[in-house]
Structure formats: structure tokens, C-alpha cells
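Here the protein sequences come in this chain order: A and B. Under the numbering used here, the first residue of the first sequence is numbered 107, with each subsequent residue one higher. Under the numbering used here, the first residue of the second sequence is numbered 868, with each subsequent residue one higher.
Honestly, the hints are just simulated from the structure, not real lab data. Only a predicted model underlies this, so the values are computations on that prediction, with no experimental measurement involved.
Below, simulated PhoX-like cross-link-like pairs (lysine-lysine); rule was C-alpha separation at most 20 Å, straight line:
(1) B:1187 with A:537
(2) B:1183 with A:305
(3) B:1083 with B:1111
(4) B:1102 with B:1155
(5) B:1083 with B:1155
(6) B:1053 with B:1102
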Amino acid sequence: MTTTETPGADLPLQQLERVVIRFAGDSGDGMQITGNQFTQTSALFGNDLATLPDFPAEIRAPAGTRPGVSGFQLQFSSKDIHTPGDAPDVLVAMNPAALAVNLGALRAGGTLVVNTGAFKANDLKKAKLDSNPLEDGTLDGYRVIPVDINARVLDALVDSTLSTKDKSRCKNFYTLGLMYWLYSRPLEPTINWLKGKFKSRPELIEANELALRAGFNAGDIHELFQGQYEVPKTEELPAGTYRNMMGNDAIAMGLVAGAQLAGLQPVLGSYPITPASTILESLASYKHHGVVTMQMEDEIAAICSAIGASFSGSLGITTTSGPGMALKTEAMGLAISTELPLVVVNIQRAGPSTGMPTKVEQSDLLQAIFGRNGDAPVPVISCSRPSDAFELTIDAVRIAVQYMTPVVLLSDNFIANGAEPWRLPDLNDIKPFPVQFAEDPENHQTFARDEKGSRAWAKPGTPGMEFRIGGLEKDIDGNVSYDPENHQAMTDQRHNKIAAIAQTIPTPVLDGPDSGDLLVLGWGSTVGILTQAVETVRENGSSVSRLHLTHIWPLPNGLEKIFSNFKAILVPEMNMGQLTRVLRGEMPHHNFIPHNKVTGQPFLTTEVVAKIENILKG
Amino acid sequence: MSETATTKLTRKDFVSDQEVRWCPGCGDYAILASMQKYMADSGADPAKTVFVSGIGCSSRFPYYMNTFGFHTIHGRAPAIATGVKVANPELSVWMVTGDGDALSIGGNHLAHILRRNVDVNILLFNNEIYGLTKGQYSPTSPVGTVRKSTPMGSVDRPFNPISFALGCNATFVARSIDTDAKHLTKVFAAADAHRGTSFIEILQNCVIFNKDFYSKVVDRSVRADMTVDLNPGEKIIYGAEEDKGMRFCANGLEKCSAADADLWDPASATESQAYAISQLDQDPDTPKPIGIFRSVEAQVYEQQVHQQVEAAVTDKGPGKFEDLVYAGDRWTID
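Work out the full structure, taking the sequences as your base and the hints as a guide.
Okay, here's the thing in C-alpha cells:
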């Protein structure tokens, strides 16, 4: 992009490799939209990027208070990056509460864009500030750019017919325009988005576009900044077609794809819960793909309706988060016992109990693997990032129908709402796995098994196949059996069936040398941070390897061999050591070192680097 | 049509090969026999029939029907039956439950299947006691029921299942008696013909833990005087001589002579009339109503669900996941 055609072009244009911005404001200020727009524009511009939305569970906590602060951090780069960045280079603070909550994260000497229009005495009081940080020296050491955004946006919209309140609500687009100028971003993607979003309200399109342009123009007219920056498009990403993707959207698409590849109608039973609800909402908009969605009366009814659908020969799906998982456990046992396919998606959030619904944690792993009565094994898969969620969701569907089992697909808040460029898969590489229903009653037995250990799937409506199944222990014909030997045999068969899935899971690929002092082993959304941390340690001159698990139960084959070549295995997790426990149980002869964090925030790269270097030092 | 349905089936064709394991004398046997016979007589196709149940004595029912069957978990049969029916609306779906399964642990789901009007026929075996857990009081047991878990008598007021269903806006509500095969069959047929959720409470004898709890109503010696059968299009009359009747009044219903009795039409009756009738047995001297309390037409859940899918396909064309993936703003790196 060139800046010579814009006014104020005499200001210097400086190239940067990467920038971390955090937008912070009131939850009613539209910070998530602002962040997502910057993300989308940067993606289309060709940067690599990673995002970290961080918002309160309350929809509108009292305005101006610290609990009501909503933030959105993104890193965009001309290089291949893996994390949303530890410390922002730029903090945009729309009010005193946002400043107070986020200032500590801003890097030393970082740029602070402050909406001075929101720093009146009452605003300070709501943020529980005794003095004005703009005046009391709090901001010494930062490059402060004061802008009265409240006033500027009203000036820009002086001719608009909107109410003053509605005009004020455009201030996030003014702010976005300002940031677009600073980082030389094009306005068109956002203007196009506005046109789609407010199709039926042209006055809102006009006002927001005006605010956006006013912010953009203010950048150079008012010479707020000492110059403009440019983060060139990345040349490091592999060739292909990309789009910006969020985790929950990728899972919704993966469920549609998986069902189509299996030749089944997807039937979702769900109950709204943060942060999983958007999967239900997305799937409800995919009806033309044959998707049936049922918003049920509770979490239990949600999974039960999905199990009923699988009984009838559809692909039953249920989506939830931790507390909902807890409610679904008995029904999961029924699907395990009757050996019906089912996909159970858990977008993890901080627990226990209601916990912190909008904050990230990986603490449902043991619940997913073991959290049911009886010996009730299920396969557990975890997404690592928005860009692998699509393919892993398809794999969850594949395993469910090929092994006649519920599959738990884990994700978390960071993946669900985070965004990154997704290199679209080559559609020729995605192979269908059509389900063959059992239709010949001759010699058919309900729980007879194939070479994989899976039973055949017969469905109601097939003449001559009338069967009865249920949660009581059954014999090979599905009839109730309390025979001791039969219960042992059926338990063994269910166990062996799940264990055999390991044969269809690829051994994860090592990043780094295949032997050494330390292997860093992760799962889930820590992948970016661990990748970055390992790269940093290597740049600092040490050797360290990294492995990431997507299929966690059963564990993939080949781990034992990999592990045996390392003196120690560091397992960083956003829980109190759940994968470590699993690994110690399965492979007790290795030296697993847990590294745990449960603040509701992702690891910082620096934290993991320090831990690794500490261990390497001995 | 399947081959089996083209030849006339008999009751035996609906009897599964499983040994029935209810207590000798249990009312469930009579209901099972009536259902198996009704299935044969009505020309039901076993391949297209599914019995779904929860947990409890009654919920063993599907194992004994030679149709498809799903014995599920406690209280959740309504949600599972909803999924079964939505996934394949061609199936004839019957749900068997008890007073504990449907009105204690599963009260929530029962309310919601009735509200949604999924085309499922629900049989609630009401014996006013927990049988499978050995005799604790249930949500339909009268106040003061003395059992091991309530040695000084239960203190909570019971549900009236019919009033419950009417309160949930159920579109078909009926009551029958386990041993009255003729009446049961009549109600099964009406429920089967109804599009939407059909709710049938069946008074059912638990010979072990609540033997003959309903004898004041159903004993042959008193039944004619202590039950009043609600027959669509007929007068509300009862009594061995068919000389007694009921008519609506400002306070609900009152007794009258057969000649003065009101006509009963469950399709046009107001909800308050049906509710008033459902409350009649609060008075031990008035007969307990059986038969059809309510039968009205309403939108059927699974039909609307599929209509929306079909409308979306018509509107946007059948979707392929490939189009979902290759959508939105994209860019290319060479």
C-alpha cells in the first residue's frame, strides 16, 4: 500500500515486522467488533496474525467500571507468528477503567491512545481511581496520544440525523479509523462489512463510515502521531487460499462437512452456554445443508435428543462447555453402552462450577477422558487452533461413525473466539467415509463386531432388523444380560474398541531434534505459545524439542519411543496438571515435569521460555 | 411397505423373544397384552415402530415388544424420543414411562415434549409408588403415604398427571385403566390417530408395593359409579344404570341427571373445562374421569423443523460443505 496519495504524506513511513495492539473499552463500546475488523482487514491485507479476545461474562456490567472492561488483543506480522503477543505495543483505552485494567500489560515505552473525553471526575470514580492518571504521572514512560474521541465523533457526525447517543456509539469506528491510519490499513474491507451488517439501516452505514473516515483522516491532519507504520504482508505462509477463521466457526463447518462425508443428516441437540453457543447459532444458519438443530430445554435433553437422532440413523451432535458436560455424563454413558455414534463438543472455560465463563482454561481433560460412572471409555480429541479445528472436527465424526462411539471434541475459549489465517484445505484431499447401515437381517446380531471391534449400525425402519437396546448390560443380541462372563467380555470389548482407534491416529511430528535434554509437550490452545517459546529458546542458543497432541485418548502410537530419547518432558497446561497425570499413568517411566497456570489467561511466551531455560540450566 | 406388513400380523408377531420379568399380577402385563394386540389389529408395521422408555418397572416395556426399542436413562425418554422422531418422522414412536420417571426426575422433559407437540405417543403407567427401588412414595402418591423413606407419612402434595399435561398445553390428553383392555384399546387408537404428542395416563396396579391402590375407583363393584368415561361427542354420563351425569357450571362441574348432562367434545372444550374435569377426583365422592380430556390440532414440532430445512434448501439450493469453506473474504498466497 502506498501513502503518497493521502494527505499528510510527508510524515515518515516506517516498516515494522510485527505489532501487537490491544483495544480496551467498556463492554458496550464495541471493542470486539473493532478488534475483529482490524483482524479481518489485516488478514485480507496479507499479514499473519493471532488474536486474544478477553471480555467479561456480564453482557453489560455497569458502564465505566473495571468489571465491565472488554479487551481485544491482536498481533499482526510480516513473519510467521504463533501468538497474540505477550505485551501490547499499542494500547487503546476508551475510558479510565480500561486504562487501569490494561496498563500493566503495555510494554515499556509503548504507545497509549487515550480517549480523553471519558476522563471526567465521574468516570474516574466509576473506575475507582482517586486521581486522574492522565495528570498524576501514572503514564510517564509511555508515549501518550490523547484524543477526545467522544467529541471528535460528534463533530464528524454533526450532519447526521442520528441521536447523540447513537452518534456516540460510532466512536469505536472512529478509533478503528485512527488505527487504520497509523498502520496504513485500507478502509474498504470494513466499509464493505458495514454495508452488509446494516443493510436495512443505511443511516448507520453512513454514520459509521463517516466516523471511520474521520478517525483515519485525523491521523494525518492532526499529526497525532510522529509518523505512520507499515507491516508488510507476510511472505512466510505456505502458498494457498486463505481466509480468516475463528475456532467455533471452524467446528460448525467441520460438523457439516463430517456429516456430508459420512452421508448422514447432522442433527444437533444443544442448549445455549458460553462460549459454545455460536456453534449452535452457526449450525442453525446452515439449514440448507440439511442441518437440523434443536435448542432443547437443558443440557441433558440436548445430548439425549442427539442420541435419539443417532438411534434413528442420523449423526447426533451436541455442543456445550464444562458445566454442560457435567450434566451430560450419564447420557454419554448410554451412548457408550448402546454403542451409538455421537459428537460431543466441549468448548472449555475456566472452572470449577460456573467458574469464569469467558476465560480460558484446559481443565476439562480428565472429565472428558474419565468423567463417567462405570468403565466408560471414549476417544478424546482436542483442537489446537482455529486453523486445525475444521479437520479435527471431521476426524471426530469419522471416529464416531467408524467405531460407533461418542467422541469428545475439546476446544477452549481462546480457540473459540480467537482468529487466525486458515489455509483452506484442498477439497480433493478430503476423503468421504460413507456409513453403510446393516440391512440384511440374515445372521445379523446387534452387537456382533467387525475387525475394528465396532458393531454394525442398523436403524429403525429396516424390515427384519427389529432390535431392542438400552443402558442395561446386554449380550451380543442386545438382550439384557447379568451374566458375569458376559459383562467382563462386553467391558473388554468396549475398552479394546476405543484402544484400537490409536491405529488410525498419526503419530505427532516432532518439532526439533529427536533426542535431547528436554521435550516440551502440549495439547490444545497452548500450541502457539509453546511454538514461540521453543523458537525463542533456540534463538537464545539452547536445543529443545516440541511435540503437540491433538488425539489425547487413546494416545497415539509411537509416543513411548519419542519420549525415551529425552531426559525430561515439560508439560505446560492451563490446568493443575491433568495431561501429566494421564501420561504418568500410561507411561510411568518418563520424567514428566508439569507447568501449570490457571489465571483464565493464556501463558505468556516469556513465562514458558523462563521455565524451559531454568530446566535446561539444571 | 415392508414384506411383513403386507400380511396380516397377529398379537404374537409383536411379542419379542424375551422373557417378561414383571412381578406376577403386575398391571403391566395387561397393558403389554393390549398394546401387542392393538399393534396387530391396527396393522402397525413393526419395522417402523419404536418404543422408547426411561427407567423403572414400566420402562422394561420395549424389551417385550417385537418392534424397535430403546431403553434409555431415568427421566430422559421424552428428549430421546424427540430426537428419534425428528431424525426420522416416518417412524411411529411410542414412549413408556412411569409416575416417577415422568413426573419426578423427568418432569422437565415431559413438560417440554408436551409443549413442543412432537408426534410421540406417551404412556404413563401411574401406580402412585416407586416399584423398582422397592416402595418409596412417588410424586403422585397421596399426602401421608407411609413408606420406608417416609415413616411418618409423605408431606408433599402430589401431581395430578392429567392436570400437569393440560397445563403444559398438551394437544391430546387421556386416561385409562390397565385391566380394561377395551377402554385401553380405544384410547390407544385415538392417541395413534392424533398428530402431535399424545399423553395417556394409565392407572396401573403395583401388586407388591401399592396393591389395589385404585380399588375404590376400578373395582368391578364400584367402577360404574366411580369412573366417568369421557367419550368424544357423547354426554358425560356414568353409573351402573347410566342415569347420572355431569354438566358445566360457573364453579366448574356439577353432578346432574343423565338427561341434563352436557355433551363432551375434547376438540372444542376450553382448556379450563378440561382442567376442571381433570380435578374432579379431588373429591372422593365424585367419579374419576377416564377417556379423552383433550384432543386438539396444533402445529407438529418435527414437521415444522423439516419444513424449515426444506424451505432453506429451496431458497438457497442444497448446500455443500465445500461452498461453506470457500466462502467469505479470501486471499491467495503464491
